[in-house]
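Based on these hints, arrange chain B on the given structure of chain A.
There are 2 protein chains.
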Amino acid sequence: MKKYAIIVAGGSGRRMQPGMPKQFLILEGLPVLMHTMRVFYLTGTEEVRLILVLPHDHTGTWRDLCLQHSFAIDHLVVEGGETRFHSVKNGLEKTEGDSLVAVHDGVRPLVAPRVIENAFTIAGSRGTAIPAVPVNESVRMQDKNSSRSIDRKNVRIVQTPQVFRSSILKKAYEQEYRGEFTDDASVVEAAGFAIHLIEGNVENIKITRKIDLDIAASLMG
Amino acid sequence: MKKYAIIVAGGSGRRMQPGMPKQFLILEGLPVLMHTMRVFYLTGTEEVRLILVLPHDHTGTWRDLCLQHSFAIDHLVVEGGETRFHSVKNGLEKTEGDSLVAVHDGVRPLVAPRVIENAFTIAGSRGTAIPAVPVNESVRMQDKNSSRSIDRKNVRIVQTPQVFRSSILKKAYEQEYRGEFTDDASVVEAAGFAIHLIEGNVENIKITRKIDLDIAASLMG
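So the protein lines, in turn, are chains A and B. Residue numbering for the first sequence follows the working numbering, beginning at 117 and increasing consecutively. Residue numbering for the second sequence follows the working numbering, beginning at 117 and increasing consecutively.
Chain A with its partners taken away, still in its complex shape:
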């Protein structure tokens, strides 16, 4: 079965230095996004076709960075939409036939190859595969004036790549956009499919703050 990875790099990075989206920041000599795409390129045996979803305003920067870093990994660039939901939908339109589709955050360069491989395998047999990690801290739900503990044994922090059989993902993305769609699993769940969790790798952090770049560098070290 054909394999795709939709790499979502839609963030405008307003929380970090203005003007420079976080996926373009340099980590160990290379933009974060290139690290991310390399992991998919180098993973496993069968080719994963890369679809990179970028905001319109960033395509020029990306082209320049590719030249500057002699980045030669084959990929298709697709323009992002208004929200992450719309961006993924745009990427999904470029996939063909009955396939397995991974959706991955461009700012997660530290995903382990074994997690990618495992996610494709499990999604192939079960339809969905979502990497997640347990929390080693206590977890509470904030109520209006107080809070209550929830059993952390069953709590999982969700990561990407979230991998789906294409028929499932396409069906799910026919829904209207809703604010509570924080990731692809929530979209697919709302369409009535079971979400199967697999073991993620704890190093697979999302680079959203300046300090995450330093942490990522330590983790790569």
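What the hints contain is simulated information worked out from the structure, not anything from laboratory work. Treat the hints with care, as some may be off.
Since copy identity is lost for identical chains, a pair holds within one copy or between any two.
[Stated by the list, open to error] DSS-like, lysine-lysine: derived pairs with alpha carbons at most 27 angstroms apart:
| id | residue 1 | residue 2 |
| --- | --- | --- |
| 1 | LYS260 | LYS287 |
| 2 | LYS269 | LYS326 |
| 3 | LYS210 | LYS286 |
| 4 | LYS269 | LYS322 |
| 5 | LYS210 | LYS287 |
Using the frame of chain A, we list chain B on its own:
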């Protein structure tokens, strides 16, 4: 009102190098635990009395480290119990009068001074103050064969120092130990008190794995 901080350093560190408990590992030239105690020592204006709870087997190592690093911050050493619950209880017995008691993980050297100060202030007025941070990733609950999304807007990852009016904490620790007591807030909640969350600092990670030491070093940098 008198202020105490019970620093819990009871972990045997079996997940890291055998024999060397993680609170004794060297971070930027100093054992993790000394960094942690220094933050409390240097915080705010009014003195915080430090009660360090250590497993019996580690008191000798601690004494040697204090000599070696000329560690001169005044503190009382108390022997730990079978679980964290029993260790905190042992520390609590050494507090006197109507006071404010912070319970803090020895392996959290990166707590911000402002969080400590705020926790004492809020606990003084409301009885409990628990630092917590939001999650910027999706969260799910693992069921037997599937999983379901939970609204991450209200999910909080709980940190320490957890600060309580001593009367509340002592009342709570009269309960029998239960397996679901993962932190002091859960003990106090089970005794019927409202748990008031305050804003923690995201850097305040728990050093439980080797890699956390590197991350902590980046965060201190």
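Each hint tested on the structure:
1. In this homomeric assembly, LYS260 and LYS287 come within 27 angstroms of each other (Cα to Cα) only across copies, at 25 angstroms, whereas the closest approach inside a single copy is 37 angstroms.
2. Taking the closest pair of Cα atoms, LYS269 and LYS326 come within 27 angstroms of each other only across two copies (22 angstroms); inside a single copy the shortest separation is 31 angstroms, beyond that limit.
3. Only within a single protomer do LYS210 and LYS286 lie at most 27 angstroms apart by alpha-carbon distance; the minimum there is 11 angstroms, versus 62 angstroms between protomers.
4. Proximity of LYS269 and LYS322 under a CA criterion of 27 angstroms is satisfied in both settings, with 23 angstroms inside one chain copy and 18 angstroms between copies.
5. Taking CA atoms no more than 27 angstroms apart as the test, LYS210 paired with LYS287 passes inside one copy only; the shortest distance there is 15 angstroms, against 62 angstroms between copies.
Violated hints are absent here; each numbered hint is respected by the structure.
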